[in-house]
Each structure stands twice: as C-alpha cells, then as structure tokens.
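*Asks:* Next come the chains, spelled out residue by residue.
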Amino acid sequence: MKHPDYTDDETALADSAEGWLKFVDNGYLNKQEQTDNGYEEQRWSELTDLGWASIALPERVGGAAGTLAQVGVALRECGRAGYATPLLSTARAVTLLDLVQGRDTVFDGVLRGVVAGNALALVAPPDGQLGVRPDGDGYLLEGRASTVEWLAQADSAVFAVPVANTDEVLVAVLQTGGLDITPVPSIDNELQATLTPGARVGADVPAVVVPAAAAARALGRADLLRASSMVGGCEAVLDLTAKYALERHQFGQPIGAFQAVRQHLGRMSMALDAARLSTNEALSLEPESPARPAAMDAVALFVAGRSYVEVALTAAQLHGGIGTTVDHVLHHHYRRAKGMQLRSGRPANRLREIHRSLVVRGDGGLW
Amino acid sequence: MKTVIADEQLTFLSDLREYLDGLDPELVAAARAENIEDPMQPRTHCQAFLRQLGEDGWLGISWPKEFGGQGRTDIEHWLFAEELYNRRLPNGLLTFNVVGPTIMLHGNPDQRREYISRIMDGEIIFAISYSEPDAGSDLASLRTRAVADGDGYLLSGQKIWSTGASIATHLWVAARTGPPEARHRGLSLFIVPADSPGITITPIITQGGERTTSIFFDDVRVPATQRVGAENDGWKTITAALNFERMFYHNEPRWELRQLAEWADGAGLLDGSTAESYELQTVMGEHAVDVEVCRLMALRGAAMLAAGQVPYAEASTNKIWWGELRQNICSTGLDLIGAEGTVVDTDGAPASGHLVHGLMSSPVWRFGGGTNEIQLDIIANRGWGMPR
Ligand SMILES: Cc1cc2nc3c(=O)[nH]c(=O)nc-3n(C[C@H](O)[C@H](O)[C@H](O)COP(=O)(O)OP(=O)(O)OC[C@H]3O[C@@H](n4cnc5c(N)ncnc54)[C@H](O)[C@@H]3O)c2cc1C
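If you're matching them up, the sequences are chains X and W in order. Going by our numbering, the first residue of the first sequence is number 1, and it counts up by one from there. Going by our numbering, the first residue of the second sequence is number 1, and it counts up by one from there.
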C-alpha cells in the first residue's frame, strides 16, 4: 500500500495530484526558477480549477468543506515533486483566515477571491520581526525588514502580527500594491521578497484582532501544510536515494550492498518516519483531541524540518558528485529542505515554545 | 488520515487509571522502587503487584477471554504498557509482552492453554536464552545443541546474558537441532523449566546494578512437547519474539524527562529567561519532541499488530529511537545538571539520581534485542530493498 495512513478519498486525491504533477521534472524546475514569476500562469489557473487551496474552506465561499488533511495530501505531492508556486502560502493563508474569523464573515471576500484564482502571501514572521501599533483608526506596521515567500507575485498579503503592548494579534489583508516590497534571491525555488515596514493598515481593510494564543493555534494548523510538503520532500529523497543505491555500482557491486551506505539509509528512513508520523497525527486529530498533545502541530513542523534537512544532506552524501549538480533533481530538495525549515524561524525559539507547552504546562495528550 | 485511537480506548485508559490510582499505595511504592532498581527482575514486590493485577482481571489485555484475557485489541495493550511505564511500574515485561504473544502466535493449542493461563495466574515468569559467548549479533551461529533422545531432547551448551533467569521459572531457549552449516534453518525453540536437572545459573552484575546470568546446560532433558513450532523451524518463532521485544519499548524516556524537569524546576531553570534556562529549554524541548515521536512509533506498531500485520523495519525503527533517546536524555540531562550530576544513589541527588543510574544502565538499550547496527540493516534491507 503506497499510503497506508490515508483514507480512500485521500489516496484518490494523492493519485490525481501525482498524475497532474507529471510535467514536473528537474529541467522544468530549473527553468521556472530562472523566471521572474517563478511559475507558469497557465499552471496556476489549472491549480485554481483543481481547487486544492480551498478544499477545506466552507461551501458558502466556494470551498469543498473538506479537511485540512486533504489539503495536506495535495501539498505533500507538490513537496514530493519539488514544485514551487504560491499554493503553499495561499493555502496557509486561507487556513489561518478561516480559523481566526470563526463564525464571522469578514474574510469571506478574500476567501472567494482565492477560489477564483487569487494568490496570497502570508506575513507572519516567526521570530517576532514585525508588529503593529495603533495609529488613528488603523495601525502602523513596524519592526524589522522581513523575508516573505511569494510576496511580489501575490495579489494580497495576509498579515498576522502582534499588536504592540497587548497580548493580541492583528490579522489583516492588504493589497500588495501599497507595500514596500523588494524581491530578493532565495536559497530555493520558492521565490521571496523583503518587506520593509512602514505601511499603514487602514480601517477599511478586512481585519480582526484576536488573542495571541488563538492566532498561534491557527498558524500552527496552517503551518502543518508546510510540514506536509516537507514530508513529501522526505519521501521523494528516500525513494530516489534507495533507487540510486541499487543502480550505482562501485567495487563491482551496488553501493547499497555496502553496510556504511545501508546504515545511512536506515537513519534516513527513521527521520522520514518521524516526520510522517508526527505530521499525520497532527493533521488527523484536532488540537483539542484528548489523544494528542496541544503542541503536536508545532512538534510536527519542527520534526518535518529537521528530518527533511537530515535526509537531504545524507542523500547528497550517498549520491556523491552527481548529487551536487543542477542536472539532478536532488539539488532542489537539498535547497528546499533548508529553505522550508528556516521559514519556520529559529529552531531554538520553536523548541522553547514546545518546551513550554509539553514540559512546563503539560497541555493535553495521553501522558 | 486514519486515526487509530477511538473513544472506547480512551475510556479503557481512564478506567485503567482509576484502577491503578485505587491500588494499595504501599504495594505500588514498593513495586516502583524495585522496578526502578532493576526492571529486568520482577522480584517480591513486582511479582505481588502483577499477581494483584491478574486477580483483578487487568492482565492479558489483548488475549482472548477464553484464556482469561480481556479480549481487547493491541491498541489497548499498548495503552496498558505505556501507562504502567509512565508510572514506572512493572508491566509484565518479557513474559507478557514477548513470550506470551509469541506462544499465542506460534504455540500449539496445548501450549497455548497451558502457558497462557499460567502466565495469567502469575505462576510463571520467563527469561530469554538466545545469546551465547560466541553468538551475539550472529545469533544463527549458536552452538547449544538439542539432540533427539527418545520422546524428547538432551540440551547441552552455554548461554550468556539470560536476563531475569535468576528469578525465572522457565527459560525460552534457542538451540541447534540441525547441522551448524544450516545456520538459522537448523534451530528450534524450547520452553525449559529453570529448575530442570542439569541447569546451572550464575549471576553477572552490570555497571548499572542490573543482574543478568550465564546458564550452563548439561544434558538437560526436554520433552518434545516443550518445542514451540516445528523442529528446525525455530527461527520464525525467534524472529516473531524479537519483533515483539523491539516493538514494546517506549514510555520510560518520558518518565526520565520528567525527572529532569523536576530537577530543573527546583533549580529555577524550567521556565526562566536567563541564558542558562534558555539552553535548558531548547535541549528539553527537543527531547520532548522526540518523546512524542517515540510514542507514535510504538503506536504505529500496535496499530499494525491490531490490523494483523507484522512490524519488521517498523519494530527496528521503534527500538533504535527508544534506546538512543533514552540514553540521550540521561546523558544530556546530566550535562544540564553539571558536577552535581555525578552523585549516585542518594535521596538528595539531582533528579533523585535517576539520570545517572539511567546512563549507567543505558548501553544495553542500544544493543539489547539486537544491536542498533543490525537494526539499521534490517530497516535498509526489509524496508528499502537493499542487498544483504
Ligand atoms: C544487560 C544485558 C541484558 C541482555 N539480555 C539478554 C537476554 O535476556 N537474552 C538474550 O538472549 N540476550 C540478552 N542480551 C544479549 C544481547 O542481545 C547481545 O549483547 C547483543 O545481541 C549483542 O551481542 P554481543 O554482545 O555479542 O555483541 P557483538 O555481536 O559481538 O557486537 C559487538 C559490536 O559489533 C557490532 N557488529 C556485530 N556484527 C555486526 C554486523 N554484522 N554489522 C555491523 N556491526 C556488527 C555490533 O553492532 C556491536 O556494536 C543482553 C545483554 C546485556 C548486556
């Protein structure tokens, strides 16, 4: 069974996503990475028709009322292919908006826009680089310049930033046109830009102010989609490394017959399992489920990042010279692994947050 | 994505907790102290504790009701094992978690009837005798022989590291019934009463204070009815038992992390904002992450067993993760404590001395049940199709 943890619906979705992504190979990824846009408009409109970003949105905005796990399944296939588009940031942004607005409808227009094909960037710097302070009937964006994925390409930017001197977070949607944006080169094929603070969040934009804990919880759900993409990346790296270990011969035998190589592969397999098990648990159980700790979303994100980097680095070792060239797809995973891990911020900060929840407070979970 | 823990299993867990909370506190405290001191030898208090559980119907969670079990799934069995480990109480160890399930799988109906019910009554305790002085990782080279003799066999040779044999009533012995060159195809598995004439058991003491043994077999008579599985087909039984052994290792790292947290709280580092507490929170945060992964790896194994599948690479993965994590928590936990961490066996020792004790006990976690190097090979071979 290819996906033992998936339901039948999820397996069907994964198969169709895998089928759609057949056009993606190393040559295609290399070519797109060199373009200003980073992806093809035509493919984006096909993606819009497929509706992966809006699977879990309510029907009233044109969504499919599906599950976050399903969105995670679709993004896992994109991660497996190393395919970069604003899909991940868009799906993360709508997950956040849908969760923070609750029964409110203030973001419905933005959500409908995504169903119709808009791309979103998500501005939620993980280490507190940005914030807002009240300014007349609106807010002023302040802090340090921050790097944001797909900001230059997106139609709108969703902000989730702390309000100065409060325990609250402002979630607001701004047109990218009014922002100070400078595209900067990226470690990987997910394009990015620097946002310089100073913009004003007017009273007329869709916005809510929510308790910081609620915002963090919603972001944790949204970031599971990044974790799931990274799990797809891990799976791809394991598959191609195991294949290479059987094909590549040295000293008259496949390199996979060398125990040193097998031991590396065993470690990679454990790292993949850790990432997949934690991400799947977090995707399949709501944070308030008694069967999981509240911090499981954060655990999954951390483990997926750590594992993706670990397997990519070891895979490069097992591929020898060929793995370092731009002619082999591994270079995309190698760079994407570190890029995706770092976009969750500084690992030490994430670990201290996890420590607070799991060890100090003991929030939820069976033990 | 499929979820494996249903409401009725959560109810089972809360019933179990209520039951355990209601047990005689003196019995619990004594069993816990004995179990912490040497978990591989359920002695007076641990045996009394297990008998109490048996009398109250709380043993054999996943075994059929006809054998006195609760007839539940492997998920409940996992919850049971985890809950007891989390309290650092004995959960039946090799007898209940390894030998019993293997007899259920590969024993004949007579053996199942006899041994499972006696295990349930707390009447018998097993020790496992595979390893020999010259057969460690290369288990298939073992030389202890079982020579056919009338309606049974005569067993002779030497075993080593048979842990728990000093208190066991029965030994689970791998012996050669075929020629040496047949390797793993010439082995059979026997259940041998530990007081059989011709058996000599001598103790070996490890650095962590745990006791294990050497066993000498000198023409020990074993009836053929004591052979589990067909002659020369013992490898199947041994492998099944080893997979059970590699599958049910888990919640002690969580318990050890909790000991560290108690120390850190007392030292004012658990929730502080100094450089020292930041370091501690980062290190402990990663341990806490890996404790959750450990839980999920064990749960996956239980889910596979519940679905009638056999975990191989998954069992090996579980075992490596558990053992390395546990050793790592003890070692890096002591780093956080510093010089005071060297104090052993004293009430006032940091983390009650549990981490330093754990560190001394820890080597075996990385090689018992098959060394981690052998496990990594199993993962690569069985999980990813690498050539041997
Ligand atoms: C406290 C304790 C309790 C134990 N309890 C039991 C028990 O109850 N019953 C029982 O039967 N046994 C028991 N054992 C034995 C245990 O299972 C063995 O120690 C283990 O299988 C390793 O065998 P060995 O010690 O002979 O080491 P060796 O096999 O000699 O290994 C030494 C080193 O060489 C490496 N090595 C060996 N072969 C390979 C290979 N092919 N590839 C790569 N590396 C290799 C190993 O990984 C290890 O690092 C116990 C041991 C101890 C210390």
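Just so you know, these hints were derived from the structure itself, not from any lab. Accuracy of the hints is not assured; some may be wrong.
Pairwise CB distance ranges (calculated) [said to hold, decoys possible]:
(1) Gly209/W - Pro185/X: 36 to 46 Å
(2) Gly178/X - Asp271/W: 54 to 64 Å
(3) Asp335/W - Asp49/X: 52 to 62 Å
(4) Asp271/W - Arg346/X: 15 to 25 Å
(5) Gly209/W - Lys338/X: 24 to 34 Å
Every residue, glycine too, gets a C-beta built ideally from N, C-alpha and C.
*Asks:* For which of the previously enumerated hints does the structure constitute a violation, in increasing order of number?
*Replies:* 1, 2 and 5
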